[in-house]
Each structure stands twice: as structure tokens, then as C-alpha cells.
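Taken in order, these protein sequences are the chains called Z and H.
According to the UniProt record's numbering, the residues represented by the first sequence are 1 to 269, in order.
According to the UniProt record's numbering, the residues represented by the second sequence are 1 to 547, in order.
Treat the hints as calculated values from the structure; they're not laboratory data.
Each hint should be verified, as a subset may be incorrect.
[Stated by the list, open to error] Okay, the calculated bits of chain Z under chain H, using three or more residues with CB under 8 Å as the criterion:
#1 106 to 117
#2 152 to 164
#3 221 to 231
#4 234 to 248
[What the hints assert, rightly or not] With the C-beta cut set under 10 Å, the calculated list includes, among others, these residues of chain Z facing chain H:
#5 L15
#6 Q97
#7 P101
#8 F184
#9 L252
#10 A264
Just so you know, even glycine gets a beta-carbon here, dropped at the ideal spot from N, CA and C.
Here is what each chain is made of, one letter per residue.
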Amino acid sequence: MKKLSARRRHPLAALVVLLFALAATGGLYAALAPAGEAQADASETSIAVEEGKKLYLVGCATCHGSEGQGTSDGPSLVGVGAAAVDFQVATGRMPLQQPGPQAPEKPVVYTEDQIAQLAAYVASLGPGPAIPAEEEYDPQAGDPAVGGELFRLNCSQCHNFTGQGGALTDGKYAPDLTDVDPRFVYEAMLTGPQAMPAFPDTVLSPENKRDIIAWLDAVNTEKAPNPGGFQLGGYGPVSEGLFAWTFGIGALIAAAVWIGAHTAKAKKS
Amino acid sequence: MSTATDERTTARRGKAPAGERLADWADGRLGVYGAAKYGMRKVFPDHWSFLLGEIALFSFIIVLLTGVYLTLFFVPSMAQVEYHGSYVPMQGQLMSEAYASTLDISFDVRGGLLVRQIHHWGALIFVVAIFIHMMRVFFTGAFRKPREINWLFGFTLFILALFTGLTGYSLPDDLLSGTGIRFMEGAILATPVVGTWIQMLLFGGEFPGHDIIPRFFVIHVLLLPGLLLALVVAHLILIVFHKHTHYAGPGKTNTNVVGMPFFPVYMAKAGGFTFIVFGVITLIAGTVTINPVWTIGPYRPETVSTNAQPDWYLGFSEGLVRMMPGWEIVLFGDYTLNLGLLIPLGVFPAMLVVLMLYPFFESWVTKDTREHHIAQRPRNVPTRTAFGMAWLSAYFVALVAGGNDVWAINFNLSINAITWFCRIGFFVLPVLVFFLTRRICLGLQRRDRDKVLHGRETGIIKRLPHGEFIEVHEPLPPAERYKLTAHEQPRPLSLPPAVDENGVERKVGPLEKLRARLSRGYYGEQAQIPKATAEEYREITSGHGHH
């Protein structure tokens, strides 16, 4: 003890302490870190990562930085995970066509393989949500009634009660969810793209996410039944009022004009 | 002696036919001959714009009839039940009985969804028709003496219709209705001093409580329809009493009504129109969804949706609130005045009251106490027309603001930009519209004058022997010329000379000065183009007309 306290002012003491500390944290990390991602570094994945990096450097690095660290034009991609890449690129939102309030959905630029490579590369930058498996977002497996309740609690404030979309501040918007691929709905909930908040599994369990997808499938797809007839966009009273003011009263005024123009002729005596 | 005559008649012709005997029987007890003689020969003038009120009347009848059917199945209760009806995506959800019974009406009652949609579409079209009818009366000056009281009746009907709509919208207890009730509760709470008391009284406790839907139900199916029906009858009695206005034309004067008798012509026309209105509304209700409560979901105070608007007729009040910045003042350190709601809720009735009182304002300005039975053409009263258009522009700006999120999402606009456009437009547009409308009216008056004096432009270009091109004008038929010159052009009020004949200064109150000023605005040189006179016409057509 005395020896130690005598040498604690040695010029190299700080270095030794630092080495010990690093060894301890490194050892602890190696022992406790989630093993999956680290060990799954099979050769196929690393090829995908390499290919993905090449694509990344051409198509994404201008805004997101050469190492995915982000710049003033685009956010950091470290830790966003493969799910975020799949959502943004496979719906055409990325690469961004032009700066604006929000990236709109548009035709997809990359092939499926390329998107998978990009996703693999971005996933390699830091751990994040992976692309969900198909059974996780199968609408048939969810409960639409529970999903509807969750949707009204968490989603309808922006997306409207059946997911027809809604306006946000300064030109941003919550997009229309009609016929959106359940995979993208799931990934959007998982990663919170653009103006949307993220709903990680700790907030909204995978089963609940599937319920929400089941609800959307029941009320907001091409094949969803419309017992009342034409939907008028599903926007509620504004489009209904507009319809009453145009087609409704228009048809009745046309009838009134017709009746007013036809009158009984007085008998010629 | 009369007995003898009767016997002789009977002997000659035998027994009177059954119909006649029935009519005789009824006449002896109800006096139907007199009523029928008066009613059946009642004359109504022919014009499509006089049928707008009928659209309102007939759609009101439809709404009453379908409403009766709906009350047979609707349960006005806020007790929570678990849904086990036939709409699968709601299975097992907790909801109020009101909402569950609305789902049942939609899916399990025969014809229920159709009747619900007829009821709702009919209600929307009812209020649209009232609104358009009111505008027709306003712009043609049909509210002038002796019809001011009937204008007030009509206005009250409009207000009652708004509140009947509001209460009906709230009944199904779906997410939209609940949001509407919540909005209303906020508005009540924003009222200074009495707000919290009224809120507790109306809701019977904290929001949402268990009382509001049963209470709204009684108001919606009993109180307001009763008042509406009574006022509709009073409105119609006054129409019969005043007789209908008609537009100027040969033979149509201020002291007669030219048109067709109620029986058989108008009975057929109005009866047929009833069926057309029924048909159109049913067609719409059968093909177009309105208020799909099954996808909107049950109301729970912690849930809300975007695109939450009232039905169109209260959209402008929603818009006034959406336009208003969220200002508030804290008085005495602990009393908050919520101006963000208080000001719009003051502007909302003020906009309506302006419309209500306009007839009295106009008769005050013009000092006109004569009876008027000839409807005016809007162009011939530019100031009133301009005022009406300015009011409408403010109304529609507020209506647009009420749907700002729907406009934003559909036209890819920024909701903030729309709100700012509406904030500025609410003040600026009415002024612009006022001057623009006056200009257009004056232009149309000039055109009428030209048409009377020079005839209609035929579009035929003629080349004269010396090479000049002229357009051939065709003189109007005399009836047309009469129509275009039949209107009065009153002179504005003028103040008496400032000094009387003895050189004593005359006292004129500031109100009187204001009235003279306004009167110049209505009838001054800037407000009407002198109409063509017979002398001018004769001079132009006396042979040396240039074309």
C-alpha cells in the first residue's frame, strides 16, 4: 500500500490507470454486449456492407457525411438501423430530390438488392432496429379492434381517424396511409421517419404494431368495404359540406330552374 | 221557400255524388269551401329563385321523417357497453350505448344506414338551402316592408337549424361528435365569470359526464324541431298574408301578383318538386358516405383526430377560432381571460346579428316606409349588394380557415400560410370585395342603359359602302326595355340648408348627418347610373340614329 501511494505521483501513473480503465470497460463490454450483431459478421454480410458503402458514398454521403456521421444538410445515420434505410429508400423518400419541408414519397431509385446493401452498411455503423420479418406485420394476425383503439390514441391526431393523412405545421404533413405496404407502416412506427415520433417496442409492443396494421387493413385499403358508398376522401365534414354545396344544392337548383322555366300556358280563348 | 227549391233540385237531379256530399258535410263543419276558394286560387309568381325556400322546406320534411325512424332505434345513453354487433373491426370495443346503437342502425337495422345518410345529407342540404334562400331574399331586397318580421322569422329558423344540426352531430358519440362537444365545452369555459357554472349545469359535472347526450337528444328531437316547425308555419302564414314578391315586368306592379294559382299549377309544381328533392337527397344518400361513424370510432376524451371539423354551417365559427392567435390576459394576477376563444365567440354571433339587423339599418338610412312587392335586381342597389358580398367574403374566409388542414393536405400548402392568408383576408377581402362589387354593379347598370338605348349587340359586322365597319344592334322588345327600366332610382336624402330663411343656424344632429352620408352612399351619383329615359330613347330612335 505504501509502495502504491509512493508511486502515485509517478509520471506514468496516469497512463497506467488509463490502461486499467480501458481494459476494464473493454472487457466488460466484450462480456456483456449483445453478441448477435458482433458475431454475425459472416463474409456475405461484409460483402453487402462493402457494396453498400460504395453506394452510400455515391448517393448519400453528400448530406449524411462520408461515415454516416451527418452534416448540416442531413442527420447522422449512426444507430438508425436497417429498418430506417429500408423505409426511406424503398418508398423513394431517399435520396432526397430537393430540400423542402418534408421528403415526399416518389418512384424508387435503387433495386431491392441495392437497398439491402445500403441497409446493411448503415446497420454496420451502429446497432439499430432491423427490418421486420414478414410475420411481424401480417395484417391477418392482428386484432383490428385493438388496433383501431391504439390508432385513435396514437396516430389519428396527425393521420386522421382512418389514416387519410393530415396537415402539420409549415407544409409538413402526415401522409395518407391508404394501401401502404404493411412493412413500411411497421418500419415507420419503429423508426419515426421525418416529422413522425418513433414508437419503439418498449412504447408499442410488436403485437400492438401488428394490431394497428390490421386496423388499417380493415378500413383503409382498396378492398376495405365502404358500406356508405363513395368516401369523398374520408376527410370528414369539410368534404361533405363541399359536396352538399356543389352537387347537392347544384342538382336541386337545376331542378328549380327547370320547374321555374316550365309553366302552364293560359288557354287561348 | 228554400226547402221547396231543394226538393225540386233533388227531384230533378237525384242524389248528389258522394264526393260532393262529403265536401258538403265537411264544409258544414270546417268551412272548407271558403278556405279552398282562398287557398286554391292563391297566386304564386314563377321564378326559379322563388323555389329555393321550397328546397329548404322539403328537405326539412325529409329530415323530420327520417329522424322519426332513427329515434326508434337510437339509444341516447352514455352507459358503457361492449360491442358485439356485426361490424367486425369494432368487436369487443368499449363504447357508449349511443355509439353502439348508431353502429346497429348502420349495420343491423333494415334500411338504417340509408335512413341515417338521408337524415344527415338532408340536414346539410336543408341548411345550404336556407342559406341560399336567405341570400336570394337579401340581394333582391325582399326583406323590405312589409316583410321585415318574416326576415326575422327566417333568420331565427337559420339559427335554430344551426343548433339542431350541432346537437344532432353530437348524438352518435363518435370521435368527431365528442371532439365537437369538447370544443363547445371549451367555448363555454372561456366565457368570463359564468362559464364554469354553465359548464357544470349543462354537463352535470366534469366533462364528459353522463348527461350531455341524453340532454342533447331531448333538445335535438323535441325542443328544436318543435320550435322549427312552429316557426316554419308562421313563416309560411306570413308569406300567404304578404303575398309573394315578383320581379318587375309588363303588367307586374307593386299592387298585384302575377303568376299561377296554387291549384292546380302550383300544387303540381310544388308536389313534383317535393319528390325531386326527396329523390336527389336519397340518391346522394344512397351513393355517397356521410359521417362513417364505424371508422371514426367511439369517443374517448383522450383520443382525437385531425380533420375534426363541425358540419359546414358551423365551419365559420371553427374558422374564427383557428384564425385567432392564442392570446390570453391574466387579470388581478389569477383570473385568466382566454381571448383566443373569447374574441371569436363574440365575432361569431356579431356576424350573424349584422345580417339579422340589416333590413332595419337600410330602412333607417333610406327613410323608406312604403310597401315593396317588387323584388329588385341586385345590380340596381349596388351598395346593398356590395355589403352582402363583403359579408359573404368574410364568411367564406372564415369557412376556409375552418378547414385549413384539409386545404393544406389536398393542395400541398403550408397550414401556417393558409392561416395567415385567412387572418389578413378576413379584414382585407371584404373591403376589396365591397368596392369591386359596387364597380361591377355600376358597370352592369351602364350595360342595361346601353341595351335599352342602342339594343342588343348581335355580333353581325356590316361593312358600309365607304368601307366603315359597324356592328348591327338589334332593338330590344318593349317588354325587355320595360324590365330594364322599371326600377326606381331614389334621390339621396339631403340635409336642409345649414341656415334657414331667417339666417338662423339650423341644428342637425350628428346621427342625421351620418344618415345623409350613408344615403348618398346608397343613392348618390357614385351609386347609380341614371337609367335610360323615354325621351332619350325617342331621341336616339327618331331616325338619325347612327347605327
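Each hint tested on the structure:
1. Counting residues of the stretch 106 to 117 of chain Z whose CB lies closer than 8 Å to any CB of chain H gives 0, so the stated coverage by that chain is violated, three being the minimum.
2. Residues of the stretch 152 to 164 of chain Z with a Cβ under 8 Å from some Cβ of chain H number 10, which satisfies the need for three, so the listed coverage holds.
3. With 6 residues having a Cβ less than 8 Å from any Cβ of chain H, the stretch 221 to 231 of chain Z passes the three-residue criterion, so the hint holds.
4. Counting residues of the stretch 234 to 248 of chain Z whose beta carbon lies closer than 8 Å to any beta carbon of chain H gives 14, which meets the minimum of three for the stated coverage.
5. For L15(Z), the suggested interface contact is broken, since its CB lies about 57 Å from the closest CB of chain H, more than 10 Å.
6. Given hint, Q97(Z) at the interface with chain H, is violated; its Cβ is 14 Å from that chain's nearest Cβ, farther than 10 Å.
7. The interface hint given for P101(Z) is met, as the beta carbon of that residue sits about 7 Å from the closest beta carbon of chain H, less than 10 Å.
8. The criterion of a C-beta within 10 Å of any C-beta in chain H is not met by F184(Z), whose closest approach is roughly 19 Å, and the hint is violated.
9. Taking 10 Å as the C-beta cut-off, the interface hint given for L252(Z) holds, the closest approach to chain H being about 5 Å.
10. With a least beta-carbon distance of about 5 Å to chain H, the hint placing A264(Z) at the interface is held under the 10 Å criterion.
Violated hints, in rising order: 1, 5, 6, 8; the structure is consistent with all others.
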